[in-house]
Amino acid sequence: MIAYALTFGFAAFGLALALNLWRLIKGPGVTDRILALDTMVINVIGVIVLGGIANGSGTSFEAALLLAMVGFVGTVAYAKFLLRGDIIE
Amino acid sequence: MIGGASVAEAIVSLLIVLGGGFALVGSWGLVRLPSLMERLHAPTKATTLGLGAVLAASVVYFQLLQGTWTTHELLISAFLFLTAPISANMIAKVHLHRLQLKEPTEQAGPAGEPAPPSPAANWATHVAPHRGTPGDFEGD
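Line order of the protein sequences matches chains E and U. Going by the working numbering, 49 is the number at position 49 of the first sequence; the sequence numbering is gapless. Going by the working numbering, 132 is the number at position 132 of the second sequence; the sequence numbering is gapless.
Hints were generated in silico from the structure; no laboratory data involved. Backbone N, C-alpha and C fix where the C-beta goes; we use that ideal spot for every residue, glycine too. Check the hints yourself; a few may be wrong.
Computed spacing ranges between beta-carbons, pair by pair [stated by the list, open to error]:
1) Ala8/U - Ala63/E: 18 to 28 Å
2) Ala111/U - Tyr4/E: 37 to 47 Å
3) Met69/E - Glu38/U: 39 to 49 Å
4) Asn89/U - Val70/E: 14 to 24 Å
5) Thr68/U - Gly85/E: 16 to 26 Å
6) Ser57/E - Ala111/U: 42 to 52 Å
7) Lys26/E - Ala78/U: 24 to 34 Å
8) Phe79/U - Leu15/E: 45 to 55 Å
9) Ala77/E - Ala8/U: 33 to 43 Å
10) Ala108/U - Trp22/E: 16 to 26 Å
11) Leu64/U - Phe81/E: 41 to 51 Å
12) Ser6/U - Ile88/E: 50 to 60 Å
13) Arg84/E - Ala10/U: 42 to 52 Å
14) Ala5/U - Ile88/E: 48 to 58 Å
Reference listing, derived: stretches of chain E covered by chain U, where coverage requires no fewer than 3 residues with Cβ under 8 Å from a Cβ of chain U [as the list claims (entries may be wrong)]:
15) 22 to 36
16) 61 to 75
Facing chain U, a subset of chain E residues (Cβ under 10 Å, in silico) [what the hints assert, rightly or not]:
17) Leu15
18) Val49
19) Gly58
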C-alpha cells in the first residue's frame, strides 16, 4: 500500500515542480519568479523526503534540512536585493 | 488480518497521499490565480501544509515500521513553518515596492494600485529615520 502511495506522491510532487517551472518561465514579474523558485525548493524537499521513505534510509534528511535553510536565505536575499539594492548593508 | 503494521501502513499512505495532494493544489494555484497577491496565498499555505504531511508520514514510517526514532523531519517542518511567512512577507514587500515604481511587468491585485509613497518615508523600503519622520528619536 505504501508503494502505491509513494508512486502517487512522486507523481504529485513532480507535476507540482513542472507547474512551478511553467510559472518560473512565464513570469510575468520578477516577484513571480522569486515565488516560483521558493515553491520549487519546498517541492524538492518533498521529493527528497519521499525518496528517504522509498529507500528506507535516513541519510537524505540532512540534504532536505540544508535545502530548507538555503532556500529561505536565497529568497530573502533576492527580496533584500530588489528592495535595497544590496543584500548585507 | 488487521494488525498494527497494516494500520501504520494505512496512516503512512494516507499522509503521503494528503501531502502530495496539497503540494499539487498549491502549485496549481501558483499557475492558475490571476495576480501575485493571490498567487502568494497558494504555495505558502497549501505547499507548506503538504510538506508537513509528508514529513509526518516519514516520522510515522520510521517509528512504526522500522523501529528507529527520527526527529530530523520535525526540525525541517518547524523551520519551514517559521520561515514561510517571512519569505511571503518579503515577496509581498518587493511586489508593492515595484508597483509603486510603476514597473510594467507587475500587475496590481484585486485591491488595486497601492497609495503613492509619502516623500518622507516608504514603509516597503525602510528609509533610515531622519528629522521629521516617525522614529527619529526626537522627544522620546
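How the hints compare with the structure:
no.: 1; hint: Ala8/U - Ala63/E: 18 to 28 Å; result: holds (25 Å)
no.: 2; hint: Ala111/U - Tyr4/E: 37 to 47 Å; result: holds (44 Å)
no.: 3; hint: Met69/E - Glu38/U: 39 to 49 Å; result: violated (28 Å)
no.: 4; hint: Asn89/U - Val70/E: 14 to 24 Å; result: holds (19 Å)
no.: 5; hint: Thr68/U - Gly85/E: 16 to 26 Å; result: violated (48 Å)
no.: 6; hint: Ser57/E - Ala111/U: 42 to 52 Å; result: holds (48 Å)
no.: 7; hint: Lys26/E - Ala78/U: 24 to 34 Å; result: holds (33 Å)
no.: 8; hint: Phe79/U - Leu15/E: 45 to 55 Å; result: violated (25 Å)
no.: 9; hint: Ala77/E - Ala8/U: 33 to 43 Å; result: holds (41 Å)
no.: 10; hint: Ala108/U - Trp22/E: 16 to 26 Å; result: holds (22 Å)
no.: 11; hint: Leu64/U - Phe81/E: 41 to 51 Å; result: holds (45 Å)
no.: 12; hint: Ser6/U - Ile88/E: 50 to 60 Å; result: holds (53 Å)
no.: 13; hint: Arg84/E - Ala10/U: 42 to 52 Å; result: holds (50 Å)
no.: 14; hint: Ala5/U - Ile88/E: 48 to 58 Å; result: holds (52 Å)
no.: 15; hint: 22 to 36; result: holds (count 11)
no.: 16; hint: 61 to 75; result: holds (count 8)
no.: 17; hint: Leu15; result: holds (6 Å)
no.: 18; hint: Val49; result: holds (5 Å)
no.: 19; hint: Gly58; result: holds (6 Å)
Against the hints set out earlier in the document, violations occur for numbers 3, 5, 8.
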